[in-house]
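Peer 1: So the sequence lines, in the order shown, correspond to chains L and F. Going by the working numbering, the first sequence opens with residue 221, and the numbers climb by one from there. Going by the working numbering, the second sequence opens with residue 221, and the numbers climb by one from there.
Bear in mind the hints are in silico, worked out from the structure with no lab data behind them. All clues stand as given, with none of them false.
Heads up, the list lumps identical chains together, so a pair's fine if it works in one copy or across two of them.
Distance condition first, Cα-Cα at most 20 Å in a straight line; then the derived SDA-like pairs of lysine to any residue: (1) Lys-392 <-> Arg-402; (2) Lys-455 <-> Arg-492; (3) Lys-514 <-> Leu-397; (4) Lys-403 <-> Glu-393; (5) Lys-452 <-> Arg-462; (6) Lys-392 <-> Tyr-463.
Protein chains: 2
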Amino acid sequence: MDKPYVLGVDIGGTNTVFGVVDARGEIVDSGKISTGNYETAEAYLAVLAPELIAIIEKAGGKEKFNGIGIGAPNGNYYAGTIEDAPNVRWAKEKNIPFAKMVEYATGITTVLTNDANAAAIGEMTYGVAKGMKNFIMITLGTGVGSGIVINGQVVYGHDGFAGELGHVIVEKENGRLCGCGRKGCLEAYASATGVARTARKFVEEGKIKTILTEYAHVDNLTSKDVYDAAVKGDKVAIDIFRYTGQILGEAFANFIAFSSPEAIILFGGLARAGKFIFDPIQEAMIEHSLGIFKGKTKLLLSELPESDAAVLGASALGWEIK
Amino acid sequence: MDKPYVLGVDIGGTNTVFGVVDARGEIVDSGKISTGNYETAEAYLAVLAPELIAIIEKAGGKEKFNGIGIGAPNGNYYAGTIEDAPNVRWAKEKNIPFAKMVEYATGITTVLTNDANAAAIGEMTYGVAKGMKNFIMITLGTGVGSGIVINGQVVYGHDGFAGELGHVIVEKENGRLCGCGRKGCLEAYASATGVARTARKFVEEGKIKTILTEYAHVDNLTSKDVYDAAVKGDKVAIDIFRYTGQILGEAFANFIAFSSPEAIILFGGLARAGKFIFDPIQEAMIEHSLGIFKGKTKLLLSELPESDAAVLGASALGWEIK
Numbered sequence: 221m222d223k224p225y226v227l228g229v230d231i232g233g234t235n236t237v238f239g240v241v242d243a244r245g246e247i248v249d250s251g252k253i254s255t256g257n258y259e260t261a262e263a264y265l266a267v268l269a270p271e272l273i274a275i276i277e278k279a280g281g282k283e284k285f286n287g288i289g290i291g292a293p294n295g296n297y298y299a300g301t302i303e304d305a306p307n308v309r310w311a312k313e314k315n316i317p318f319a320k321m322v323e324y325a326t327g328i329t330t331v332l333t334n335d336a337n338a339a340a341i342g343e344m345t346y347g348v349a350k351g352m353k354n355f356i357m358i359t360l361g362t363g364v365g366s367g368i369v370i371n372g373q374v375v376y377g378h379d380g381f382a383g384e385l386g387h388v389i390v391e392k393e394n395g396r397l398c399g400c401g402r403k404g405c406l407e408a409y410a411s412a413t414g415v416a417r418t419a420r421k422f423v424e425e426g427k428i429k430t431i432l433t434e435y436a437h438v439d440n441l442t443s444k445d446v447y448d449a450a451v452k453g454d455k456v457a458i459d460i461f462r463y464t465g466q467i468l469g470e471a472f473a474n475f476i477a478f479s480s481p482e483a484i485i486l487f488g489g490l491a492r493a494g495k496f497i498f499d500p501i502q503e504a505m506i507e508h509s510l511g512i513f514k515g516k517t518k519l520l521l522s523e524l525p526e527s528d529a530a531v532l533g534a535s536a537l538g539w540e541i542k
Numbered sequence: 221m222d223k224p225y226v227l228g229v230d231i232g233g234t235n236t237v238f239g240v241v242d243a244r245g246e247i248v249d250s251g252k253i254s255t256g257n258y259e260t261a262e263a264y265l266a267v268l269a270p271e272l273i274a275i276i277e278k279a280g281g282k283e284k285f286n287g288i289g290i291g292a293p294n295g296n297y298y299a300g301t302i303e304d305a306p307n308v309r310w311a312k313e314k315n316i317p318f319a320k321m322v323e324y325a326t327g328i329t330t331v332l333t334n335d336a337n338a339a340a341i342g343e344m345t346y347g348v349a350k351g352m353k354n355f356i357m358i359t360l361g362t363g364v365g366s367g368i369v370i371n372g373q374v375v376y377g378h379d380g381f382a383g384e385l386g387h388v389i390v391e392k393e394n395g396r397l398c399g400c401g402r403k404g405c406l407e408a409y410a411s412a413t414g415v416a417r418t419a420r421k422f423v424e425e426g427k428i429k430t431i432l433t434e435y436a437h438v439d440n441l442t443s444k445d446v447y448d449a450a451v452k453g454d455k456v457a458i459d460i461f462r463y464t465g466q467i468l469g470e471a472f473a474n475f476i477a478f479s480s481p482e483a484i485i486l487f488g489g490l491a492r493a494g495k496f497i498f499d500p501i502q503e504a505m506i507e508h509s510l511g512i513f514k515g516k517t518k519l520l521l522s523e524l525p526e527s528d529a530a531v532l533g534a535s536a537l538g539w540e541i542k
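With the rest of the complex left out, here is chain L (with noise of 0.2 Å):
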């Protein structure tokens, strides 16, 4: 191939890390940089921008690289834009042009969409979507994001932010309040913060013994103590993992009757909670499938390694550069 390699660029709430990654999604080379504490787009990209020519100049230059993919919280496919990112102190502003931005300053067509996106495409490209034409990918970690693609295709909606499944509301009634200011979104439950609020609850209503309210930060509880806790055969770990599960299930359900994927592909923290959580994930997803559905969407678990992931999956947009 004349351009080996792509570029991966994921932008996280802490770190934005990136990588030159091949055909055949090894990533050769990458770095780091802190994506921190600037006022403004142009000031972190000015940091950014030196570092990136350095790793593609040591790749043989920007003649090997068929496009560069970034993941961005927020971030706008057809505009290539990142718009209002929540927890990004420089990207506050709306429609800040940052795929342009960068394709000026390396000279290599640049793409760009939201990391849940952007972890779909990965999977699709290097991991256990390979040759799936119609899945969804459930990124459970701090929040809750998804990346649906149907017909080959990731769906963008007709204003490039579709796919926001984090935000199905899944309590009508006395729901929990979301980030989003609204209230029973699948997000309050289903992410790390919504395990912690189960644990808090579930242990405040106190009504079984659990080695949970023995853990020095109690008040504090993160959706890892409740693992180790499961692990341990804790029953109140364990029914805190079946009621988020169920919860996800139930969604589920409903995400099949709109696509009808062949899979629904987990991803992040929540996931790695085994069987803990598959278990009653797959129970509620098939009771509460609609016959013709049931049973027919597989429930996976991504394969590709998590401390690479982003990088891989904002590379393999890299590829879809024609």
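Following the hints, put chain F in place on chain L, whose structure we already have.
Peer 2: Structure of chain F alone, referenced to chain L:
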């Protein structure tokens, strides 16, 4: 154009209507048979096929036709089959290869999908969705159907059955029993029978005076009765539509989080209730949408005349054949 016509066939629960349609969406000839009382698909086709052949010959023969499109309950686009259609006696088997059967009988390439998908294609070809690449068609009739278009293509999913938005679960607690056997489906609230059930419930709760109680058939109210009462300013009737519209609008907000469509287009009986149903849908849709989607998705009414829409929709499939 070499092939100026398509033939549309709509298989309804009671009647099968068919028509020869030109590229501008004019129905130049049409006919009708009873879908009725046949034991087998073959027996039904033995009556339908001569009718189709006659109308084809009258239009100048099969060389004039780009294709035949069929809208059928539980129609599968990929397989060209009708599978276990609940309300059609001869279609209760699995995998009836109906598209192929019609193709053999007529000598014209034939495709088949369910009626709501056909309606979506009809709207995109001849109606209010002309030029739209991302929209959702919601048919509010005896049941609630949907046809979803993303990137200009109908969403069929991995198995050909995607787009069953009448069967997303909108009431998890104490949901109404739905015809599909599950509880709390959108269809159990927003179909014609759903509205009638709501009417019965509101009348039984009977705290406020309503002219609905004066109807002789008060135990058997229809959504038309409710509409007539609402037009007369009956507060309970208006509340029935408000209740129904709210449930629809909340569901639509979740659909928007999925595919961020340019428009949601309503078709069918309940949609004729005008502002009584439109206003509460619109309010609930905006209120429950995530910030980035608020007010972006239009709520529209189908522009196809109800009497022709089924045939037009089915016929539009015939233009997709290359």
